[in-house]
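**Student:** As they're listed, the protein sequences go chains A, B and C.
Number 525 in my numbering belongs to position 16 of the first sequence; there are no gaps in the numbering.
Number 535 in my numbering belongs to position 176 of the second sequence; there are no gaps in the numbering.
Number -4 in my numbering belongs to position 12 of the third sequence; there are no gaps in the numbering.
For the record, the hints were derived by calculation from the structure and aren't laboratory data.
Predicted, not measured: the structure shown is a model, and the values here were computed from it.
From the three backbone atoms N, C-alpha and C, an ideal C-beta is built for every residue, glycine too.
A few of these clues could be false.
[Stated by the list, open to error] From the structure, some residues in chain C lie toward chain A, with a derived Cβ separation under 7 angstroms: (1) Y3; (2) E10; (3) L24.
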Amino acid sequence: MIVRPRKEDHLVIGKYTGKVITGVGLLMVVPMITSIVLGEWDTVVDFVISIAACLIFGFGTQLLCRTEKDLSWSHGLVVASGSWGMATVLGALPHWLSGHEGTYLDAMFDVMSGYTTTGLYLLQDLDHVSYGLNMWRHLLTYAGGQGIVVIALTFLFKGTAGAYKVYVGEGKDERLLPNVVQTARAIWLVSLAWLGVGTLALFITGMALGQEPVRAFLHGLWVFMGAWSTGGFAPQSYNTMWYHSLTYEVISVVIFIAGSFNFALHWAVWTGKRKEILRNVETVSFSITLTLTVLIATFGLAKAGVYPDAMTLFRKAFYQLASGHTTTGFSTIYSRAFVTQWGPVGVMATTIAMAIGASACSTAGGIKGIRMGVIFKAFMQDIRKAISPESAVVRAKYHHVHDVYLEDGLVRSAMTITIAYLVLYALTAIVGTLYGYDFLQAAFEGVSAASNTGLSCGVTSPGMPAVMKVLYIVAMWLGRLEFMSVFALAGYAVSIVRGK
Amino acid sequence: MRHWLRLVVAFVLGGALVMAAGCRAQGTPEPSPNTPSSSGLVEEPKKYDGSTVTFTGEAIGEVMVRGENAWVHLNDDAYYLKNVEEGAQLGGYNAGMPVWLPAGEAGKITTFGDYKHEGDVVTVTGEFHAACPEHGGDMDIHATALEVVQPGHRAADPIKPGKAVLAVALALLAGALFAANRVWGQRGEIAPRVRKG
Amino acid sequence: MSRRRGENGITHIKRWPDYIGGILTETGFILGLTLVAFLLAVIAQVIYR
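The shape of chain A in the complex, shown without the other chains (with noise of 0.2 angstroms):
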């Protein structure tokens, strides 16, 4: 039976969701104040216009939900999907108004594309964007990879237990430290931390390649952004391909690598476990698979005959692959360049790596290491099972910080979510398929969108079907959130409608 929510859990809803947005709204004042600054008065008049309306909602629904009531398990699966949905749309509103978006849709498009650091985008003309529109989108793939809600949680909620609920909504699970606004500092502190190593070493390298201080600062900056959150936004339309630089490329390798560590795994490596690295589920993980899948597209580049030596084979095959497999979607190539140049084998071992993505509470998407360990294992458990004594008790473990046992429980959530990943993954690359767009190239674009990748080969662009442009921002909501809280939003819904 369904049971028709209440006035209090709409009121409870309402509430969370307008704190968030409230979150939203303030931070639409850097790239104001970036265009303040750079005097780009007509950006700075569309962030006033944004921020008014972020805070209108934010403050309106908190003035008419007026509760006492903490968040239930449901509640905080429907305040994470639900802010989500609310922020993409408000959050669109400095797109649109800067006039390089073709339809609403687009620029929403954008939004959930930077939310949830996928790096896909339908905006014309970035090489003539304002610095401040710049800002808001690296910032928002920034803060989309830190999660919204941990944004939230940390400057705005009370400690409540409800509060630990919507963190988990959003994707998160683990718990570095005992407390969840902790938690969220312990993030905070990792990310900053990193954004002040990375954006020097960018800038400083930006600078010795030839860039101006201000553009090599706000480059760094950006690049940066879009690395560390395995976004993939890049300040010019020739993404990372701009700098032509070996240094660059290695500096962002590492940062949006790094970037698709588990915010456990940083923690554990940073209070002294550095083994850690070496005997975690997800590094051993995703060092086998990374290394699998650039195995093949380097041989089949090689084959192929498509770069003249081992050192452009390694800087294009490496990068590509690494990026898809981050979740990051970087790319030194034009997007056309993968079915043009690297062909079916290229095109393939690349949706592979972004299919499976990286690991999990981290700002990377796809189906992640945790969970190709897990079922690994369980696999290998079930074989050893099956060919020893039938008295012989098996059991299997994995490490990640601490030994875990497997149970039939952990496995079975693991293969679930796998599976509701791969069904994604065939829709999308079946309703390309439907459009008249190539199989493998509509396979490659739906996985990228799925799994928060970002990389394209063509599919992707403003003429694309509104249908598609649609599917992929669902795909893109779902892949974050990792389903249950968008599924708990649709639940809530039908609640309305057809509850008793």
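Fit chains B and C to the known structure of chain A by using the hints.
**Tutor:** Leaving out everything else, chains B and C in the frame of chain A:
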């Protein structure tokens, strides 16, 4: 019944936004001046690899001088004569080619395209590489000479009066709601402030 | 937030050597993966040339 009201408002607003979606004027975007265009080169890299091409486009972003030579990026997209900030029709993504050329030649470019500028339109002639051995396998053009075809200019993007009025009105409304929240809202939870200690 | 800067706070100065060590460990691990990929490219190029 407040929540119903909220839903209705949300749907009306959402609907209005979707309606607004279809309302941007359509025109014919500026075609590329090149044969093959940058897109053509990317579509058939093998065919053009090693051949000499003449390429015209808007200089974008910046010049990056590396010793004797320099990188510039030339866009031959729908915006190479007039960009979106100046009111050009939307015509898809940017498209262009990186060009590696002597720093002295690159120095002829005075205006680079960005938010505030439409860059110089320049023509280069050089060798196209599908996977340049010298530059990490990048697709690029190695040019020896550059000619400025049309100088760039400032692209003024004045504040639209309608937008300014809307901004003031919304800001006032947001301020009023903030004040209302202060007076009638729940204590201690609206302001982004850590109250303890 | 200043109350968290105490002896046990996560931003306390005495913790930073560990944090920087953490960043360097992570960087080293990633550069290791990069080196493996480079070796693969060298082998592939030897086989197919």
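**Student:** When the hints from earlier in the document are held up against this structure, which numbers fail?
**Tutor:** none
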